[in-house]
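Which chain is which? The protein sequence lines are B and S, in order. Residue numbers for the first sequence, in the numbering used here: 1 to 489. Residue numbers for the second sequence, in the numbering used here: 1 to 491.
Just so you know, the hints here were simulated from the structure itself, not pulled from any lab data. If you're wondering where the values come from, they're calculated on a predicted model, not measured in any experiment. Keep in mind that the hints are not guaranteed to be accurate.
Here are the simulated DSS-like cross-link-like pairs (lysine-lysine), alpha carbons at most 27 Å apart as the crow flies [unchecked claim]:
id	chain 1	residue 1	chain 2	residue 2
1	B	K83	B	K122
2	B	K232	B	K213
3	S	K360	S	K96
4	S	K380	B	K89
5	S	K414	S	K35
6	S	K390	B	K83
7	B	K83	S	K381
8	S	K381	S	K289
9	B	K89	S	K398
10	S	K96	B	K63
11	B	K209	B	K26
12	S	K380	B	K83
13	B	K89	S	K381
14	B	K365	B	K406
15	S	K336	B	K139
16	S	K336	S	K414
17	S	K52	S	K96
18	B	K122	B	K26
19	B	K342	B	K321
20	S	K398	S	K414
21	B	K89	S	K360
22	B	K348	B	K312
23	S	K242	B	K139
24	B	K89	S	K357
25	B	K452	B	K402
26	B	K83	S	K242
27	B	K63	S	K108
Far from chain B, some chain S residues (derived; all Cβ distances over 12 Å) [stated by the list, open to error]:
id	residue
28	Q12
29	D337
30	L343
Every residue gets a Cβ at the ideal spot worked out from N, C-alpha and C, and that includes glycine.
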Amino acid sequence: MSTNTENIFYRGYEAVIGIEVHVQLKTQSKIFSADSTTFDAGDNENTSPVSVGMPGALPVINKAVINYAIKAGLALGCKIREKSVFSRKNYFYPDLPKGYQISQYDEPICEHGEVEFDVNGKTKKVRITRAHLEEDAGKSNHLGQYTLINYNRSGVPLLEVVSEPEMHSPQEAAEYCRTIRSIVRYVNVCDGNLEEGSLRCDCNVSVRKIGEKKLGTKVELKNINSFRFVEKAIEFEIQRQIDAIDNNEKIIQETRLYDSDKNRTVSMRTKENAQDYRYFPDPDILPIIIESSLIQKMKSEIPELPLARAKKYIEAYAISKDEARQLTEDLELASFFEKVGKLSSDYKAAASWILVEFLKDYFEKSLTLNDLNSLKNPVSAERLAELISLINKGTISGKIAKKVFKDMWTNAKSPTEIVSSQGLVQVSDVGEIEKIISQIIATNPSQVAEYKSGKTKVIAFFIGAIMKETKGKANPNIVNEILTRKLSE
Amino acid sequence: MDILNFSFTEAQAALKNKKISAKEMVQFYLNRIEKINPQLNAFLHIDQSALKQAEAVDQKIARGENVGLLAGIPFGIKDLLCVKNMPTTAASKMLKNFVPPYDATVVKKLKMADVIIMGKLNLDEFAMGSSNENSHFGSCKNPWNTDYVPGGSSGGSAAAQAARLVMGTIGTDTGGSIRQPSSFCGVVGIKPTYGRVSRYGIVAFASSLDQAGPMVSSVKDAALTLEVICGQDANDGTSSNKPVEDFSQKINTSVKGLKIAVMKEFHNSDLIDSDIRKTYESAIDSLKKLGAEIVEVSVPMTKYAVSMYYLISASEASSNLARYDGVKYGHRSDFKDLSSLSLDEFYSANRSEGFGKEVKRRIILGTFCLSSGYFDAYYKKASQVRRLLKNQFDDAFKKCDVILSPVTTTPAFKIGSRVYDPLRMYLNDVFTTSTNLAGLPGMSLPYGLSKDRLPIGVQLTAHHFQEQKLLNVAAALEETSLVKNEKPHVY
Numbered sequence: 001m002s003t004n005t006e007n008i009f010y011r012g013y014e015a016v017i018g019i020e021v022h023v024q025l026k027t028q029s030k031i032f033s034a035d036s037t038t039f040d041a042g043d044n045e046n047t048s049p050v051s052v053g054m055p056g057a058l059p060v061i062n063k064a065v066i067n068y069a070i071k072a073g074l075a076l077g078c079k080i081r082e083k084s085v086f087s088r089k090n091y092f093y094p095d096l097p098k099g100y101q102i103s104q105y106d107e108p109i110c111e112h113g114e115v116e117f118d119v120n121g122k123t124k125k126v127r128i129t130r131a132h133l134e135e136d137a138g139k140s141n142h143l144g145q146y147t148l149i150n151y152n153r154s155g156v157p158l159l160e161v162v163s164e165p166e167m168h169s170p171q172e173a174a175e176y177c178r179t180i181r182s183i184v185r186y187v188n189v190c191d192g193n194l195e196e197g198s199l200r201c202d203c204n205v206s207v208r209k210i211g212e213k214k215l216g217t218k219v220e221l222k223n224i225n226s227f228r229f230v231e232k233a234i235e236f237e238i239q240r241q242i243d244a245i246d247n248n249e250k251i252i253q254e255t256r257l258y259d260s261d262k263n264r265t266v267s268m269r270t271k272e273n274a275q276d277y278r279y280f281p282d283p284d285i286l287p288i289i290i291e292s293s294l295i296q297k298m299k300s301e302i303p304e305l306p307l308a309r310a311k312k313y314i315e316a317y318a319i320s321k322d323e324a325r326q327l328t329e330d331l332e333l334a335s336f337f338e339k340v341g342k343l344s345s346d347y348k349a350a351a352s353w354i355l356v357e358f359l360k361d362y363f364e365k366s367l368t369l370n371d372l373n374s375l376k377n378p379v380s381a382e383r384l385a386e387l388i389s390l391i392n393k394g395t396i397s398g399k400i401a402k403k404v405f406k407d408m409w410t411n412a413k414s415p416t417e418i419v420s421s422q423g424l425v426q427v428s429d430v431g432e433i434e435k436i437i438s439q440i441i442a443t444n445p446s447q448v449a450e451y452k453s454g455k456t457k458v459i460a461f462f463i464g465a466i467m468k469e470t471k472g473k474a475n476p477n478i479v480n481e482i483l484t485r486k487l488s489e
Numbered sequence: 001m002d003i004l005n006f007s008f009t010e011a012q013a014a015l016k017n018k019k020i021s022a023k024e025m026v027q028f029y030l031n032r033i034e035k036i037n038p039q040l041n042a043f044l045h046i047d048q049s050a051l052k053q054a055e056a057v058d059q060k061i062a063r064g065e066n067v068g069l070l071a072g073i074p075f076g077i078k079d080l081l082c083v084k085n086m087p088t089t090a091a092s093k094m095l096k097n098f099v100p101p102y103d104a105t106v107v108k109k110l111k112m113a114d115v116i117i118m119g120k121l122n123l124d125e126f127a128m129g130s131s132n133e134n135s136h137f138g139s140c141k142n143p144w145n146t147d148y149v150p151g152g153s154s155g156g157s158a159a160a161q162a163a164r165l166v167m168g169t170i171g172t173d174t175g176g177s178i179r180q181p182s183s184f185c186g187v188v189g190i191k192p193t194y195g196r197v198s199r200y201g202i203v204a205f206a207s208s209l210d211q212a213g214p215m216v217s218s219v220k221d222a223a224l225t226l227e228v229i230c231g232q233d234a235n236d237g238t239s240s241n242k243p244v245e246d247f248s249q250k251i252n253t254s255v256k257g258l259k260i261a262v263m264k265e266f267h268n269s270d271l272i273d274s275d276i277r278k279t280y281e282s283a284i285d286s287l288k289k290l291g292a293e294i295v296e297v298s299v300p301m302t303k304y305a306v307s308m309y310y311l312i313s314a315s316e317a318s319s320n321l322a323r324y325d326g327v328k329y330g331h332r333s334d335f336k337d338l339s340s341l342s343l344d345e346f347y348s349a350n351r352s353e354g355f356g357k358e359v360k361r362r363i364i365l366g367t368f369c370l371s372s373g374y375f376d377a378y379y380k381k382a383s384q385v386r387r388l389l390k391n392q393f394d395d396a397f398k399k400c401d402v403i404l405s406p407v408t409t410t411p412a413f414k415i416g417s418r419v420y421d422p423l424r425m426y427l428n429d430v431f432t433t434s435t436n437l438a439g440l441p442g443m444s445l446p447y448g449l450s451k452d453r454l455p456i457g458v459q460l461t462a463h464h465f466q467e468q469k470l471l472n473v474a475a476a477l478e479e480t481s482l483v484k485n486e487k488p489h490v491y
C-alpha cells in the first residue's frame, strides 16, 4: 500500500503516475546470442544471424541474463517465479527484424515487489507489479526519404520494471526512478546511464478530480533522459491535462515525447486503435525453470541495499537522514564513506568531509563514482581518514586541514607528510601561546579596555592577531582558553 | 559396380577400396540430374561446387586421412535449410534472392561427415502444402507418373530420391511433409522425435512441430543419416541432450515378441481407400508372420489432430513469417517513390506480392487465431488438447512398441486435382499430424503399389526417442516390401 501521508493536489485534481523503467542489463553478450553488447562498436558490428532475425536462426537464452534478472528482482523485493515463459510480441516495425519482439507476458520472471524511498522527509512505498525480460530492438537513423538501421542494439537484454500507478507527484516519480537506478547499480546489473539509454524511464500520467476513484485516461511519456526531466516532463503533462479537461477537451490515450529544450511534451502516436500484439509463448524457447538454490546463490551476492544501509548510518553512526540518503545512493560512495569512517573512527566527520568538501573537488577532476575506490582517485579513503585523524588528534586545526586537503589532490604525499614538510603542525605549547598572547594584549590597550567594558565581540580581533602571528597554527582551543583568562585578569 | 543402386555402405566400401572416386560418383549423379531433372523439376538449384567438394574428399582419401561417415555421398537438401553461399528460397518469391551466410546445423553436420551437397530441392512454399503445387518455381512431379504430385511439402526430396538423382536427401516434416511424399514416391522417410535434430538454420514454418529428417532409399541409409544429423545443438534451445545411438549398427530385424499396435481410430477410418488398406493389411500380416504380437490401442484425441494442427501451425507461421516484410528480408515491391508511402502501405505491397495464395491463407488464419478475443478459444484450446493428445500417446505406448498405420488415405493424386479444395487437401494429413503434435518419431516405409502403379507406404510411429524401434521394425518389413524391386517410370 502507498503510505503517502500527504495528499498532493493540483487545482482540484490528483495526478496518478505509474512508471516503466527499462533497465539494460550489462551482460557481455546479448540475451539470445553470443553477440557483444559494447556501446561503441561500429554500425552493425555486434550482429549475427540471430540478432538480425535471419531466416532459420534461433534464439538461445543467455544464462547470465537470467542471473542478473534474479538479482535485480530480489533487490527490488520481488518474488522470483519458479517457471517463467518467453512470449512473442508481434508487431511490424523496421527496427524489429523478426517482426516480433521476444518478451515475457503472463509469466514474467519477477513479480510483486516493492521499493521504499523518502520524498520531502516522508517515506513513500511503491509496489512493483512485475519485472520482465525482453530483447531490445535496433535503432533507426532517418536520412531524407531513407532510413538506415543499426542492429547493434537488437537483442540487448532489458529488464522492464513496471510499477503500480501509485505515485502522485513529479517529485515522487523522480525519486522512484532514482531509487530503481540506485538498486540496479548496487547489484551491479546495469550501469544506470540515462544519457546512453541504459536506463529508460517511461512515465504513464493521468489526472482525475479529487475523490474520483476511476483512473483518468493515461498518457505515456517517453524520451526522458534525466531524473530532472522526469520531474519537469510530468509537471508539464499534469498541467497540460488539467488545462485540457478544464477546457472540456478529451484526453486521448497516446504516447508523447518530452522535448527538454522547450520543456513540453509533444504527441508521438495515439493508441486509440489499441494495437493487438497477439502474444503467444515463443516455441523456440523452453520455459525457464529456476531452482531455489540459484535464487539463494544470487541472494548471497547482493550487497546491503541503500535503504538498510541508510538506516544503519542513522542509527549506528548518528548521521543525519539527508546525509545518509546521499551517501547510500551509490554503492561505491557508501563503501568509500564506510572505509573513511572506520579508519578515522569518526563517521560523522567522514560524512561531512565527503559531502561538503570531497565530492565537489572530486567531480571537478571529471572522475565518476565508479573510480572512487580505484587508483584513479588521488584522495583515497585511507588518506582522507588520515586527515580527519590529524584534526581529531589536534595535530592540525580544521582550517589548516582544508589547506592540506586541497594539496592532497595534486601532492603524492600523505597528509601527515604534507603537514610536516610544510610546517603546519599545530602549536599547542601553552607557554609559547601564552607568551604571544601577553605580547598582543600589551600592545593593544584600547581593545583590552573595550573588552573589559563588555564589548566581548572584540575577542575576534585578538584571535585574528594571534593566528596571524602563528600563521594559523595555534591550537584554537588553547588560544581561546588563555585569551579569555588573560583578558579577565 | 552398380553406382545407381549403391547403398551408403556400398559406396563407402567402393571409395575406400579405390574402386571409384568421389568425383566419379558425383559426376555420375550430376549427369543424371542434368538428364532427368527437367522432367521432374525436383532441383531448384544445382550447385557448381559439387565436383570441388568431391575432389576434397578424394584428396583426403589419397592422403590416408580419416573421412566422415558419409564421405562422398551426393545429397540433395530441401530448399528450406540454409546452406552457406547457396540460394535458400523456401520456394517463395519472398526469398528468391536470399543467400544465407551460414549453414543450418543439419547441413554443417552433413558437411562434417564429408557429404557432397549437390543442390537444393523443390518444396511447397515455406513448406506449406501436401502436393508441391505451392512452389513459386513450379510443381515438382512424381517420377512414377509425372501427371501425379510427388506429395509435399518435401516433394522435391521425395522425387529426387525416388528417381535416384542423388543418393540421399534431407526433408522436413511439420505435419507429414517427410512421410507423405515418401509414401507417394516410394522412399524411406523418417521424422525424428521433436528435439532430436537441431532446427537451427531451417527456415521456420511452425517451430513447435518442425523437424528435419532423412528421405533415402533404404532403412539402413536412413539409420546412417540419422547418426550424422541427430544430437544436441547449442544453437537450438529445444534440441535434446539424449545421446545419439549407433542406429545402423544396432538394427535388429527380429520382431519376435514385439508389440505392434494398430490404432483403433486410424484402423477403422472410412477415409482409407482400398489400395491403401490392402498395403496396410499386408504389412500387419507380414509382421504377424515374423512373430510380432499385434495389439490394438486407442488415441481418441487424434480425431482433433487436423484441427489442432492447422490452428497451431498457422498461428506459429503467422509470427515466423512476419520477418518477410521487405525491410531486411523478403520481396520489395518496385516502389517509384518512398517518400509519400506510409509504413503500412509499404508492408502491404511487399507481402501481397511476395507470398503465394496458400501461405497468405495460413498467415490470415494464424493471425486470427492469435488475436485478442480469439486466442483462448483457438490457440490456447488447441494447445491444451495437444497436451491431452500427448498424454494419450504416452498411455498407448505403455501397451505397445510401435504403432502401424497408413500414411495417407489415398496414393498420390493428379496434379491440379485438389488445388481448388484446400480442406480436402488438408485431410491428406489426417494420419500424420498427430505425430508432430505429440513430438513423436514417425516413419514412412514403401510397402505396396496401387493398381495405377503408384507406391504406397506404411507409417510406423514410436514413443519419444525410440527411433531405433522404428528402424528395427522397418528393417524387418523392408525385406517383405512388395515395392522393393520396383523402379519408377522416370529413372
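| Is the Cα-Cα distance between K452/B and K402/B 27 Å or less? | 34 Å, violated
| said: Against the 27 Å threshold, does the CA-CA distance of K89/B and K360/S hold or violate the hint? | reply: Holds. K89/B to K360/S sits at ~20 Å (cutoff 27 Å).
| message | Just to be careful, I want the Cα atoms of K336/S and K139/B compared with a cutoff of 27 Å; is the pair within it? | response | 25 Å, holds
| field | Given pair status - K26/B, K122/B, alpha carbons within 27 Å | value | 33 Å, violated
| task | Mind checking the alpha carbons of K83/B and K381/S for me, to see if they're no more than 27 Å apart? | result | 21 Å, holds
| query | Do the alpha carbons of K83/B and K242/S lie within 27 Å of each other, as the hint requires? | reply | 23 Å, holds
| request: Would you mind confirming whether the straight-line C-alpha gap from K365/B to K406/B stays at or under 27 Å? | output: Given pair K365/B, K406/B holds - Cα atoms ~13 Å apart, limit 27 Å.
| task | Would you check the hint for K348/B and K312/B, treating anything up to 27 Å between C-alpha atoms as holding? | result | Holds, at about 13 Å.
| Given the hinted pair K360/S and K96/S, is their alpha-carbon gap at most 27 Å? | Holds. K360/S to K96/S sits at ~17 Å (cutoff 27 Å).
| query | Is the straight-line distance between the alpha-carbon of K83/B and that of K122/B 27 Å or less? | reply | 37 Å, violated
| task | Decide if the proposed pair is consistent with the structure: K63/B and K108/S, CA atoms, cutoff 27 Å inclusive. | result | Holds, because 25 Å separates the two Cα atoms, which is no more than 27 Å.
| query | Is K232/B within 27 Å of K213/B, Cα to Cα? | reply | 26 Å, holds
Of the numbered hints given earlier, the model fails hints 1, 8, 9, 10, 11, 16, 18, 20, 23, 25, 29 and 30; all others are met.
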